[in-house]
Amino acid sequence: MLSAEAIEKIEYELTKYPKDQRQAAVMSALRIVQTERGWLSQESISDVAAYLGIPDIAALEVATFYNMYDTEPVGKYKITVCTNISCMLRDSDSIVHHLQEKLGIGFNQVSEDGQFCLKEGECMGACGGAPLMSVNNATMYEYLTPEKVDKILKELK
Amino acid sequence: MLKIEIDGKPVEVDHGTTIIDAADKLGVAIPRFCYHKKLSVAANCRMCLVEVEKFGKPLPACATPVAEGMKIFTRSKAAVQAQQSVMEFLLINHPLDCPICDQGGECDLQDVAVGYGASGSRYTEEKRVVFNKNIGPLISTDMTRCIQCTRCVRFLKEVGGMQELGMVGRGEHAEITAYVDQSVNSELSGNIIDLCPVGALTNKPFRYSARSWELVRRPSIAPHDSMGSHIEVHVKDDKVMRVLPREKESINECWLSDRDRYSYEGLNSPDRLKVPMIKHHGEWQETDWKTALEYAAGQIKDITTEHGSDALGALVSPNSTMEEGYLIKELVHGLGCGNVDYRLRQTDFRLDGKRVGTPWMGCNIDEIEKLDRILLIGSNIRNEHPLLAQRFRKAVDNGAELSIISPLDNNPLMDIAHKIIVTPNDIVNVLAQILKAMSKLQKLSLCLPPQLSELLEQIHVRPNTEAMAESLVGLGETVNLIAPKVGIFLGNMALSAPRFTEMYSLAEAIGGVSGAKGGILPAAANSTGMHLLGVMPASTGMHARAMLEVPRKAYLLLNIEPELDCQHAALARSAMEKADCVVALTAYKSKALDHATVLLPIAPFTETSGTFMSMEGRIQSFKAVVKPLGECRPAWKVLRVLANTLGLQGFDFESSEEVKLKIFDGEKPSDFARSRLNNNMKELVEIETKIKSPGLQRVGEVPQYEADPIVRRSEPLRKTKYNIKRLVRLHPDEMRAYDLVEGDMVLVTQDKGSTVLPVRPDAHVAPGCVRVAAAHEDTLGLGDLMGDISIEKITQEQADVFKSKQMEAQN
Ligand code: SF4
Ligand code: FES
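From first to last, the protein sequence lines are chains Y and U. According to this note's numbering, the stretch in the first sequence is residues 4 to 160, in order. According to this note's numbering, the stretch in the second sequence is residues 14 to 824, in order.
One chain only, chain Y, in its complex shape:
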């Protein structure tokens, strides 16, 4: 069951599309539910599908296509580091390395305390600030150095 807040937000998204095109809101709906529940379980995906009146599989297709949807549990904070060319040239490798060491996890793993999860990301279109990472798909941190990463992690905790 979707929460009242989620429904309210989805309803708002639905106003952007023609009435008989509820499927159009699937991406926003998934995003809303993921933000609320942390990740998209099968149940969450079915809930979204049921609410929009589309087949479950149609929602699953979308949820598995975009990598900003998480179909596995991620920690409280999902850190996505870009490793594409621009960031790589600005030594994102050392950032990745630092993060992995600091958190004791590799890519796609969740730290023991359930706080952090590390993901390898693709270009976020902000190469000017390379190397960079995003937290929970929402906040972006640019010009990273190991020290800056430490500071961010401390703030997050």
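It is possible that some hints are incorrect.
Said to hold, decoys possible - Here are the simulated BS3-like pairs of lysine-lysine, each with C-alpha atoms no more than 25 Å apart in a straight line: (1) U:407 x Y:22; (2) U:252 x U:636; (3) Y:22 x U:432.
No lab work stands behind these hints: they were computed from the structure.
Please build the complex by placing chain U with the ligands on the supplied structure of chain Y, with the hints as guidance.
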């Protein structure tokens, strides 16, 4: 029209044509995987790349509309190079397992690889592996072979009406799957096997049983519903190995329903009767044809001499051929008896003699998708005519407004504009309301016969009916008043309802007022043919129901299992029990034939020649595709010899074709049919609109995989989710009224007979109705498919006692 040129050949095509369509029209072969003429364009396989003059890069032929003066090259160096590269990419992850793949020999990928593939692979890295999915008993999957063309996904969504498969993941991780290990439940699912261009989706029951090149392909006609779909039966060593659709655009297009595709498994069932049998002192004994026929004829003779010729009753399956129907009718008439009928699942015979001709669907199958208003009365269309439902779906997709009046609110997998879910009795009233509303809307009340006008005066039109009527006359829309495109159809539930006469008459009148096409959607492959031939009681004879109500001394059964194929199971059973002699022409041994006296093994449709007449009046003959099993004989031969043995004249047919010639009496079959198909009524029948029955009404549908003896025995179909345990289903309000919760046991009683079943709430059943499916062992004690029924809550202990008593009674 646009003038273009493909490989130097000029051609003129319509605006909006794609390159691939233009090439197909011209007969130029362009390789393809994802494109299919009946599905939307996905353009994701890229196999169809062609070179187009003045374009710098190759274009996908399936997704590129032609433009004036376009010069297209499908075999130029650039085109072939592009095609070869795509082929190489496609083969990167495709396993090289053709020797153990069922698709081998009929595989698009294999064929195209021969033309465009390299002789060896440059790819040395690991290939990806995709786990197989279990999507049900009909289709097996080898998902590593999938090339992600998404034909299967698009078919289920666009033609099947429900997206049951999807492509999850992306790029190299993309795979086709159903939602979390669900099965694919579409009743048209088998078509994705034909569509799959590789061996990812193959026929599960057929798997590993033959290679495609060992099979002989023989044309035939589907023997279950009354669409008359064209099929191709694949045979090996005189055994039917599988059934595929044969393309016929105006009937089944290139599709086939699962029932028509998988029912063949029932042909190879161990239940098949292979030798004639006679019952001696309660024991079945095998015998030879001569003895069996002489014994049967002797019994019939004795009984008719002693008790008069109408002591005999003949019940004929509407799935039998026209030839068989004609012969059994002639045989019975020859004995001076008028008791012969094919309408086994009908209770209301008041229309007999009141029609001008043979009732039919009133239009052609391919006209359905062009309708813009449709009214379906008492039909669970997906259950009754799965493939016809697809035509209605197309109409709705094209913008038609669909109205449904039914006791069941089943999801037809298409948008419904208006629906009214009421008890079968109330359907009559609803139809009267519609008629009233419509005649008012069209100011045509003067045209109605006074009888009807009077009747309508007492009718009160409700708002939802008014809305439906408005939709049917096309209010507020620009509709063609000269040639309105309205279709009104009565389905199986209407046909077996006790108020069928009222429904039919009112539907006729509504059709008259709105200028609609339409008629009935008869249930079985040859229902229309049987009616046309008059396999019905002569003026003094008894109809199917009466023959059971007033039991006959002797019965002649053609191709039926009485308690499963007749409207009133309990009545059928007791009539057979009481009879002195039951001669059954049957392809199967069956518990339902335990009370028979003689069993004569007849050949099912694959082993005999014959003719079916479809719902649209199409007369289609077919030939035997395999030799009869064991001692089985075509029923037309058996009937001929039986008639000869009985000393009847005029049965000297040498072949089924001769019987057919005789039936049509020198006329062209299509002319013969055209002059006789007519839904109009000669006179109005007394009808009543206010029928209130105090109790509950049964809605006893025949599940699609229980419809006739052949399909009943198809193991794979039995394993589908349609073959659920028998339940009593009630509207939640009724559940409360009877103080029931899910899982409670209820005693269901109908006409003295009763049975015990668990109950389940089902909001799709009209209040006042009890949904208990028919044609099943568990419901044999019950009566009419549609009729009064009562239920009573009992405890589990009482249920157990009831069941053990029932068991005792059976043994
Ligand atoms: S399973 Fe077959 S039809 Fe479906 S996408 Fe794969 S290759 Fe195409
Ligand atoms: S057939 Fe054109 S892209 Fe697949």
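What are the numbers of the hints the structure violates, in ascending order?
none
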